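Trainee: Residue strings, one per chain:
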Amino acid sequence: MEYIIEMIDIYKEFPGVIANNNITLRLKKGEVHALLGENGAGKSTLMSILFGLYHADRGTIKVRGKEVNIQNPNVAYDLGIGMVHQHFQLVHNFTVTENIILGSEGKQILDRKTASKKIKDLSVRYGLNINPNDKIEDISVGMQQRVEILKMLYRDAEVLIFDEPTAVLTPQEIIELMNIIRNLIEEGKSVILITHKLKEIKLIADRCTIIRRGKYIGTVDVGKTTTGEMAKMMVGREVLFNVDKDEAKPGEVILEINDLNVLNSRKTLGLKNFSLSVKCGEVMGVAGVEGNGQTELVEAITGLRKTESGTIHISGNEISRLSIRKRYETGLSYIPEDRHKHGLILDYTVGENMIMKLYYQEPYSKRGILNPTAIEEHSNKVMELFDVRAGEGNMSLASNLSGGNQQKAIVGREIDMNPDLLIAFQPTRGLDVGAIEYIHKRIIEQRDAGKAVLLVSLELDEILDLSDRVAVVAGGELIDVVNIEDTNENELGLMMTGVRREDMHE
Amino acid sequence: MKRVVVFLLAIMFIANFAFAGGDQEESSSASLKVGMVTDAGTIDDKSFNQGTWEGILEAEKDMDISTKYLKPVGTTEADYMKEIGNLYDAGFRFMVTPGFKFETTIFQVQDKYPDCKFVLIDGAPHNADWSVFNTADNTVSIFFAEHESGFLAGVASALQIKEGEMGFIGGMEIPPVQKFNWGFQQGVAYANDKYGTTVVLNAENIIYQGTFSDVAAGQQLAAQMYDKGVSVIFAAAGGVGVGAINEAKTRMAAGEDAWIVGVDLDQYADGIYEGEKSVILTSAMKHIELAGYDTLIAESKGEFPGGKTLYLEVGVPEVNPNLGEAALAAMEEVKTKIEAGDIEISDVVGDLFP
Amino acid sequence: MNKKNSVLVRSLLATGLGLVAGAIMMLFIGANPFEGYFYLVKGAFMSVERTFNVVGTGTALVLTGLSVAFAFKTGLFNIGAAGQMLIGGLCASTVGLLVPLPRIALLPTMFIAAALGGGLWGAVPGVLKAKFNVHEVVATIMMNWIAYWIAFYYIPTFIKAEFMTTESALLPAKASLKIPWLTELTNGSYINLGIIIAIAMVILIKFILDKTTLGYELKAVGYNRDAAQYAGIKVNKNIILSMVIAGALAGLAGFVYYCGYSQNMQIGKLPSLGFDGIAVALLGASSPWGVLAAAMFFGLLHSAKGFMNAITGIPPQISDTIIAIIIYFTATSLFIERLIKKVIARRKEKAKDAKGGED
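Residue numbers (the numbering used here), protein chains in the order written: chain E, 1 to 506; chain B, 1 to 354; chain D, 1 to 359.
For the record, the hints were derived by calculation from the structure and aren't laboratory data.
Here the structure is a predicted model, which is why all the values come from computation and not from measurement.
Nothing false has been slipped in among the hints.
Below, computed lysine-lysine pairings styled on BS3-like, alpha-carbon distance capped at 25 Å:
hint: 1; chain 1: E; residue 1: Lys267; chain 2: D; residue 2: Lys234
hint: 2; chain 1: D; residue 1: Lys234; chain 2: E; residue 2: Lys306
hint: 3; chain 1: E; residue 1: Lys135; chain 2: E; residue 2: Lys118
hint: 4; chain 1: D; residue 1: Lys234; chain 2: E; residue 2: Lys341
hint: 5; chain 1: E; residue 1: Lys197; chain 2: E; residue 2: Lys29
hint: 6; chain 1: D; residue 1: Lys174; chain 2: D; residue 2: Lys160
hint: 7; chain 1: E; residue 1: Lys366; chain 2: D; residue 2: Lys206
hint: 8; chain 1: D; residue 1: Lys234; chain 2: E; residue 2: Lys366
hint: 9; chain 1: E; residue 1: Lys306; chain 2: D; residue 2: Lys237
hint: 10; chain 1: E; residue 1: Lys381; chain 2: E; residue 2: Lys366
hint: 11; chain 1: E; residue 1: Lys357; chain 2: D; residue 2: Lys211
All chains, full assembly: derive it from the sequences and hints.
Mentor: See the structure below:
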């Protein structure tokens, strides 16, 4: 058996954590090898070791059968290893060519024309459809990812590592990426795919190595293994995939948005003449590619962003001129998109975070003096109800919690306020399967308790799993609102690119 | 918490005992330690601090003493007290303090450190509200007749330029500086009266800058006066005067008539702008260096004039390259008359410009 | 190792490194560092008067340090403690010199005047920051100079001493924070009522930060402005409030300094204590008790450096340099923390090796 890369018994310890505990990964030439694990399982560490960003404490790495010492990324490049990072490393006002040759100037004379031609050729050969002279700022996210791929190919990478490549893509773009990966394999490249999405593994990978909490669990043949089995290996227990939910019983309108116009941070209209109503007892999903008005919509409702015109009513009260706190008091809860930026004060304890919106009320404080006992009782209650696990209980610093527990703490805090309207913005971003499952259950419970839920997510699967109706946004406009039974992934994907339903069926 | 306090107290007391021991022998075996605390400005201010310090260094050559000066962080009483305390605790038993701002400080320390001698220049020890004046037996206060050297400089400058305008830049509006000013005015008037010169001193050209340290402000004030047609400025202003001298140098180098009358020391060398040429017409000197020197010599003979107030010598430099023969001759004449008591120079404002 | 301990270790280590660096500098100028430090400590504690001078010298530093630390808790960098202190001192001195009240009423009035004056001086950068997003570092520095020139005009015009245009008149005994019997008892040390004010403020600020909704809000804004806004906390109001309180604390520093330590004010000088407050806050890790300890330590250095200089000829600037170096080491705490961790890790490894590979 010919292995192009062998990582054997890799051990890496960070202060306090063993990130990789004797992990072995063998990549055959010409295969797509998935690396599966929950967040924090040690996938990124392992790949960073292969790419020369970290050094293993113990273990051996062999490339084409020869033991190597990868001191830094340049050594990795020379060995034919390239990595497509989750966050692209591109200079936005440079052209594709300029970005690709950036950093490799030293080795050859900077000849843009030749470089441009080589890029064009590579693009055609692998079906990337890239124009070398476009500026990065003018091309889509999916295209930018292809530039990253080209960068590696340009440097003659034989092995390409993809770090969570589909997180930023639309469903259509994901399909195209899968085709590109197939082309790469056909041309004799080998691919390592870091992911926690089982569906993609099933679709493209040949074999899959699974790690859990830094430990090597096993390597399986994807064709002979079910997603259920792989999920079980990843999480360590049985996983339910479909959210059980009864039929929605929508009632009266809770959230009513009319002709809302909101500026984005570039001071142009990020949300245009937007109208939407959400009823109690339903989950309204908002689907769209990142940056198409979702942030503006949510922040306009919650008061973090000023509106230009239009009205927002919650349970009949116009709130678009109220302070943020007043809005919460009318029965609004909000699970923010970024739990580190908005959701939590990481330097506060869990207990202090639990009273973030309540601290000024009795019993949590009286005449300006905090009541530690009431705060402790409250946070213990929420932590227990929502299964938030922390080393030192409510006294743990929020920063010491795992991502899943942080998110559960936020979800718990927001749901515990018993809101009429719950806004959940990417409530499961970056979480592992177990936590996602749990949070989904809680959101459906809200719906079933007769509350309104506005779910904004970039994960189409999440929208499809949870929503009763879906509002699709593109370019800051509402494209359509559809019932979940009347639509499918394909149609939503198309609408997310701005195509209206009536235009689809011509 | 309590334990911490007890612990700290214990350490404090142990330290007190430990340190207290070695003290006496140190001071008895060594020669006299002479200290100085500087006034506002630096030790090389070309004027007050420097003069005082040079006097002490001069004395060090002639007798067995060791010397040191400390520069306080500020010029408040608290700052002075602190440095005097530092010197005292380090075994210094003879201190020279230049400037009337030490008056209230010396008033206190002369009682607090009765075994230490103090020389206060330009001031008499008194309490905060001026109700009690007391120069104790371990203190001598030293004054100068600044109005006399101001008068001489006024006569000489008026005779040198014969006509035109003159000005005065003072540092702080304090008695020694005021006395320079008033003497200078009387000198100019005397020259106009007795020697037929027509020199004008306008009230608007008599300015106290307010500090002894703001060089930039001095330069600016001088520039304004020269622009208004003033050709001689008497700068009794420490660092502010340095600014005025700088301005004069630039103008003289450009061919303008811009003279300075120096103060405290012979400032001729400081005013050189080209070869041997200086902007300093003459200097109204007070021999500050004598304060430290004379009292130290007296101390070494066991004749420290404690409790007394001394008046020390003032004058003009012996060599004045920028003065013509007429001016020099008139100055000599006036000097003799002052010594003989034929000229009365007032040291109060009277009808002069304040 | 918990967070509190690691902060303490960090500060102590920074101090130690600063002293070592000071010793190297003493060697460099040809002095004996053991002698230098001996006389530095001796200068601090050789007599009752000097021991209390350490406290007296550190008193105002407690308050400026507290001012900087408090603003820092709200994520603001108050470089303006010097100006706030100056204005606080001006207000207190004016009341002390011109308002005819008995001591029992005069001192509280001076206290309030100083706090109000300093608070106003802090409020301006606060408002500029909140409403116009002017960076507080720029605004507070500007306010320092405005205070400087106001004092330059105000002191000679309204409260000048006789014959002196550069200083304010000496305060009458009834307006001084000095307690005659205590001053007497300590042979004329600088200790005064200010230390009571300083300790009271340490306790008050500790209480506000830890036990009140106000402290909760202020810290929330400091730790994470976005999250605070998300929680419905009025960020702008808190920024202004934080600067007002920080300004008031610095104003009180002016009160205890100009009416306690010294008895009058001088023009043409921004009090360096305002800037030392930054150092105190850093070394004290912005915690009120830490600030108190750091201020006393700096008080020691400041009060003893003149003695060291007088007896050994080691320039007092060495003390100032030690302070500066300690700040560098505190500011590069990350480096130090990493150093600590490395030492601990190495020790662990050694222990493991000694046990002989259990796993």
